[in-house]
Amino acid sequence: MTVTGGHRAHWADDIHALFRAHTITLVSMVPDAGHQRLIELCQADPGIRTVTLTTEEEGVALAAGAWLGGTRSALLIQSSGVGNCVNMLSLPRICHLPLFVLVTVRGEWGEFNPWQVPMGQSTPAVLEASGVTVFRADTPDEVGPTIEGASQLAWQSRRRVAVLLSQRLIGAKRFEEAAR
Amino acid sequence: MTVIDRREAVRRLLTEREGLVVVAGLGASAYDVAACGDTPLDFPLWGAMGGAAMVGLGLAIAQPSRAVLVVTGDGEMLMGLGSLATIAVERPANLRIVVLDNERFGETGNQATHTAFGTDLAGVAMACGIADVRTITAIDDVDRLRMDVHGAVGLLFAVIKVAADPEPRALPPRDGPYLAHRVRAELLGAAGALDD
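First to last, the sequence lines map onto chains E and R. Heads up, the first sequence is in our numbering, so the first residue is -12 and it goes up one at a time. Heads up, the second sequence is in our numbering, so the first residue is 2 and it goes up one at a time.
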């Protein structure tokens, strides 16, 4: 977490800075509200190409092809999208390719929408069963170091790695307020 | 009209392929590419159904100065239809996608796919926004397609309607780390392939 001018920068700024530092030049996504700031930072960065996907598994295959061609990428998804990735995760797993996924978690802390709960609750188990190493950040201060260590593990040890950005971190969606 | 033999079509497509990178969808498409002679620039899939076009997009983005060809079947393409919308938006000038459409799930007993009932993959690609879309029903038109696959026409999507008769299997290597490392070594050099 960086401190500038007495104001704490948003954790998404730390992730964006890490993308720059680790030469991650391709970011694919199925948007989530929790990723909004990071998506905007990446889209505004001329050094990063962003690709919007129709479903999350596309991003797993995209990351594999990009790595084969020498490009590091990150995949931004929501926990519900983890379920869409399961079979495609066999591609980086069987080929020993790195994969770096940032997952915003729904269906846990303060969730309003019960339909988010099943996939949100099973996200860590599904990832681990698919051969993905899972890290988790619950507070803004944890984000930078967690992302950095996860990214290093992905590229230097060629692992499939996911960082769960918890619902407590991103904030529970306020449907009642939106409805008023 | 003579029905196109898929292996002959792929043989013509890959004639004098030089630096062309080829991603092959699982099953018969991968065998057709392997039957032309396995090379380090081939990345045949043995799974990851629905992912061939997106692997091609990733390679095309990472290697903008090289032509990347995805050769896949109708069943594999049907599983990744959304990727055609993604690719249409990205519009990578060096990506070519060729679907060998036999209207069958060939690996599982030749069951009919959706294209046997009228689903038009070229129409889907066009509706997604890919400008250069072709349907090929005569073998000699594959020679023209080959010129464009190797040329600088921009993003291209072609469906080649092929016979449903199964061909003898020509199996590419199936060791994943080997397949990945050799394509990286070819594209990035021996040292580059070992970099992070």
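Hints in this document: simulated from the structure, not taken from any laboratory. Check each hint, because a few of them may be wrong.
[To be verified] Below, a sample of chain E positions facing chain R; criterion: calculated Cβ distance under 7 angstroms:
1) Thr41
2) Thr42
3) Ala48
4) Leu49
5) Leu55
6) Gly56
7) Gly57
8) Ile81
9) His83
10) Gly94
11) Trp102
12) Met106
13) Trp142
14) Gln143
15) Ser144
Idealized CB from N, CA, C, for every residue including glycine.
*Using 7 angstroms as the Cβ threshold, decide whether Leu49 (chain E) counts as touching chain R.*
holds, 4 angstroms
*Return the status of the interface hint for Met106 (chain E): holds when the least beta-carbon distance to chain R is below 7 angstroms, violated otherwise.*
violated, 19 angstroms
_Agreement of hint Gly57 (chain E) with chain R interface, Cβ distance less than 7 angstroms_ = Status holds, d = 5 angstroms.
_Please check whether Gly56 (chain E) passes as an interface residue: C-beta within 7 angstroms of a C-beta belonging to chain R._
Since chain R brings a Cβ to about 3 angstroms from Gly56 (chain E), closer than 7 angstroms, the hint holds.
*When the nearest CB of chain R is found for Ser144 (chain E), is that gap smaller than 7 angstroms?*
violated, 9 angstroms
*Using Cβ atoms only, decide whether Thr41 (chain E) comes closer than 7 angstroms to chain R, and label the hint accordingly.*
Result: holds, 3 angstroms to nearest chain R Cβ.
*chain R contact restraint for Gln143 (chain E) - C-beta distance below 7 angstroms*: Status holds, d = 5 angstroms.
_Hinted contact Leu55 (chain E) with chain R - closest CB pair below 7 angstroms_ = holds, 5 angstroms
*Can we keep the His83 (chain E) interface hint, with Cβ of chain R closer than 7 angstroms?*
holds, 5 angstroms
*Given hint Trp102 (chain E) near chain R, where the shortest CB pair must fall under 7 angstroms*: violated, 21 angstroms
*Closer than 7 angstroms between Cβ atoms is the bar; does Thr42 (chain E) clear it against chain R? Give me holds or violated.*
holds, 5 angstroms
_Proposed interface contact between Gly94 (chain E) and chain R, which counts if any beta carbon pair is under 7 angstroms_ = violated, 24 angstroms
Of the numbered hints listed earlier, those contradicted by the structure are 10, 11, 12 and 15.
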